[in-house]
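Chemist: Residue numbers (our numbering), protein chains in the order written: chain A, 1 to 160; chain B, 1 to 565.
It should be emphasised that the hints constitute simulated quantities derived from the structure, not laboratory data.
There's no promise every hint is true.
What the hints assert, rightly or not - The calculated lysine to any residue pairs, modelled on SDA-like cross-linking and capped at a C-alpha distance of 25 Å, are:
#  : chain 1 : residue 1 : chain 2 : residue 2
1  : B       : Lys459    : B       : Thr427
2  : A       : Lys18     : B       : Gly470
3  : B       : Lys175    : A       : Pro21
4  : A       : Lys146    : A       : Cys126
5  : B       : Lys483    : A       : Thr50
6  : A       : Lys18     : B       : Thr427
7  : A       : Lys18     : B       : Ile404
8  : B       : Lys71     : B       : Lys81
9  : A       : Lys40     : A       : Leu113
10 : A       : Lys18     : B       : Asp478
11 : A       : Lys111    : A       : Gly127
12 : A       : Lys78     : B       : Phe169
13 : B       : Lys308    : A       : Lys146
14 : B       : Lys26     : B       : Val68
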Amino acid sequence: MENVVNMDFLEEIVSYFKRSPSSIIAMLQEIQEKYRYLPKEIFPFLSKSTGLSEARIYSLATFYENFSLEPKGKNIIKVCDGTACHVRKSLPILERLKAKLKLEPGAVTTKDLAFTVEVVACLGACGLSPVITLNGKAYPAMTPDKATELLESLIEVKGE
Amino acid sequence: MKGYMTIDNIPVEIHDERNILELIRKIGIELPTFCYYSELSIHGACRMCLVENEKGGLEAACSEPPRVGHKVWTNTARLRKYRKNILELLLSNHNRDCTVCNKSGECRLQDLALKFGIKNIRYLNTAYTPEPDESSASVSIDRSKCILCGDCIRVCNEIQNVGAIDFAFRGSQMKVATAFGVPMASSPCVGCGQCAAVCPTGAISVKNSLEAVWSDLLDKNTDVTVQIAPAVRVAIGKRMGFEEGQNALGLIVAALKRMGFVKVFDTTLGADMTVEEESKEFLKFVEKTHSLPLFTSCCPAWINYAEKRYPELMGNISTCKSPMQMFGALVKQYYKNNGKRHVHVAVMPCTAKKYEAVRPEFTCDGVPIVDHVLSTQELIRMIEQSGYQFNKLEPEAVDNPFGIVTGAGVIFGVSGGVTEAVLRTLTEDSSNATLLQTAMAGERGMEGLKELQVEYKGKTLSIAVVSGLGNVGRLLEDILSGKKVFDFVEVMACPGGCVCGAGQPYVPLSVKEIRGKGLYAIDKLMSYKRSSDNPLIEDIFSGILKGREHELLHVSYDSQEESTE
Ligand code: SF4
Ligand code: SF4
Ligand code: FES
């Protein structure tokens, strides 16, 4: 799976952070930034470079909600389920998105890696509730129907 | 002395204790703990060590430095209540199948629950369904018994520098896991068992072969022979009712014979054979120019570590089999044409030996050289199961034709012993003065790294004796970077050597030293001190092994690929 990760890129990251074990989280963030997840193949390399065990890096990667060990979709939708959004019915929006994208129970990413749907605790935009973000852009006062429209507006949902 | 602090109204002198807990234990109070080991970093997770101060505040004694004038109490109404509550909480999500647990009787959770009189657990039982990982030949892991104290993780990282396991996930999902949750056998784990030794519960335990041994032993059509490693004899005393470090070999032999082992042997002869072969190899080695040293090969956890971490060094590891395997090969040869099924058992201080025994490299004529490996703890269990009153047995001698061993072989069980044994052979002199000089060269003692220089036939030999894989890792980096140069390096994966192996009953490092001293005391009483003086060596090499020394006593680990899985 050498082709999944670019070794030059990894080398650049670890040397930028001087191979320091205390910078491991920053390294993981950079890598996730590029690949949208943490590919398994980076672990032996990071372990060798920093001297941290793979188990320790795995420990960090599973501790922080923000890191993902699963490949993420090209489009990332975050559905806020903080208190304000929750009481203004965020869950039906989530259900609609999952149904439209045919996500299996428990799955967050579509099989074709086009979409990832995540639930987040609070986006800090309670005034806009219920709110979702698509690739970082916020969509306020959502309803399930508006969510369907949003999906349909993206060409990637071909065949739906 | 730096001043006093007060513990339970008793003034106590502060010297250089790292924390209040050490001070409390110093005055003879056994404060309960789950996550504290003096050799490991402080985690402060279990909260069992709480003490109450003057202001009614609670402090974790393991995490607070002693302070002059400070006053604490260790057993107040509040503390009792909290400790009981902690135990209840731990038990609420704990698999409580104590009676069928490997660690039953040695589990600290079980012990403290009993001592604190926990009769009723008020919380809902949320224990995980047991899904033990049995993939490793050395240890089993069962998450349903884990209390998340982190002791295993810290020993594996800090002392052994392996880092096979760590906490993964968080909150209620937190667990001890390998990277990506792969089975232990496919992880960097080297099977040293140190995690099982410190785990206070049955969550990590040493693999058990008792049933397999009993079934062969009680089979009328099978002859079962057994060998006993040097370190075992000085470690079972305490549990069996006498002093730690006392030589219990005679009683062990008596017990094993009664159980039905047809012959009981001493691995020490295997160690003598190893000394002979290794000395020859070393003499050839020093003649050649070498930038890297010759490493010893008797510790199987070290072999695993080198294979997984430093494959480039495999070529510099002695080709000698471990004493267990050399001796096993000899016994298997001896019983070959006996007409009856023959099974050979080894009693070892070591958990990695369990893996060594199943490696494909260690077969002879298609059968494993050693069929079962029992840990010292399993031996104790076996004696208990037989119902013999251990100290009422009459001590017996090991069997012929392999009954003569030397002091050099015995000290293999302690860090520095292999080196001293090889030096004794090289000096070709058994006078007391020379022996004493060899003993003082610097290889003895419990330090993790000992460096010595020895004059040999006009040459200065640089030798390192290293134990504990963390120390080994650091030394190897220095060797590979050229910072340090040696001719010979003795490596033991367990800190202090085999006497401190994870198959032995667990004791703190200070007590392990007593076991080491026990081996040196046995050495003193031996008529033969040098392996080459052992009259059996000549017999064996010119008899049963003749022409097959290389095949039977040496090994090449080139089948690494298939063996790592
Ligand atoms: S057996 Fe040794 S190497 Fe394996 S996990 Fe336990 S401490 Fe680590
Ligand atoms: S496996 Fe044992 S030592 Fe490790 S965290 Fe769990 S209870 Fe503690
Ligand atoms: S021993 Fe102090 S918190 Fe565990």
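Chemist: Give a verdict on every hint.
Modeler: Structure-based check of each hint:
Under the criterion of a C-alpha separation no larger than 25 Å, the hint pairing Lys459 of chain B with Thr427 of chain B is consistent with the structure, at around 13 Å. Taken as a hint, the Lys18 of chain A and Gly470 of chain B pair is honoured in the structure, with Cα atoms around 23 Å apart against an allowance of 25 Å. Proximity of Lys175 of chain B to Pro21 of chain A is assessed by CA-CA distance (about 22 Å); at most 25 Å being required, the pair is judged to hold. Taking the CA atoms of Lys146 of chain A and Cys126 of chain A, the gap is about 18 Å. The hint holds against a cut of 25 Å.
For the given pair, Lys483 of chain B sits about 21 Å from Thr50 of chain A by alpha-carbon distance, which is consistent with the 25 Å threshold. For the proposed pair Lys18 of chain A and Thr427 of chain B, the alpha carbon gap of about 50 Å is over 25 Å, so the pair is violated. Among the hinted pairs, Lys18 of chain A with Ile404 of chain B is inconsistent with the structure: their alpha-carbon atoms are about 58 Å apart, more than 25 Å. For the hint pairing Lys71 of chain B with Lys81 of chain B, the CA-to-CA distance comes to about 20 Å; that is within 25 Å, so the pair holds.
Of the pairs offered as hints, the one joining Lys40 of chain A and Leu113 of chain A holds, with about 17 Å between alpha carbons and a cut-off of 25 Å not exceeded. In summary, the hint linking Lys18 of chain A to Asp478 of chain B is supported, as the alpha carbons are separated by about 21 Å, within the 25 Å threshold. At roughly 34 Å between alpha-carbon atoms, Lys111 of chain A and Gly127 of chain A are farther apart than 25 Å, so this suggested pair is violated. Annotation: proposed proximity of Lys78 of chain A to Phe169 of chain B holds, straight-line Cα distance about 21 Å (limit 25 Å).
Simply put, Lys308 of chain B and Lys146 of chain A have alpha-carbon atoms about 55 Å apart, too far for the 25 Å limit, and the pair is violated. Restraint check for Lys26 of chain B and Val68 of chain B: satisfied, since their Cα atoms lie roughly 16 Å apart, inside the 25 Å limit.
The structure does not agree with the numbered hints 6, 7, 11 and 13 stated previously, though it agrees with the rest.
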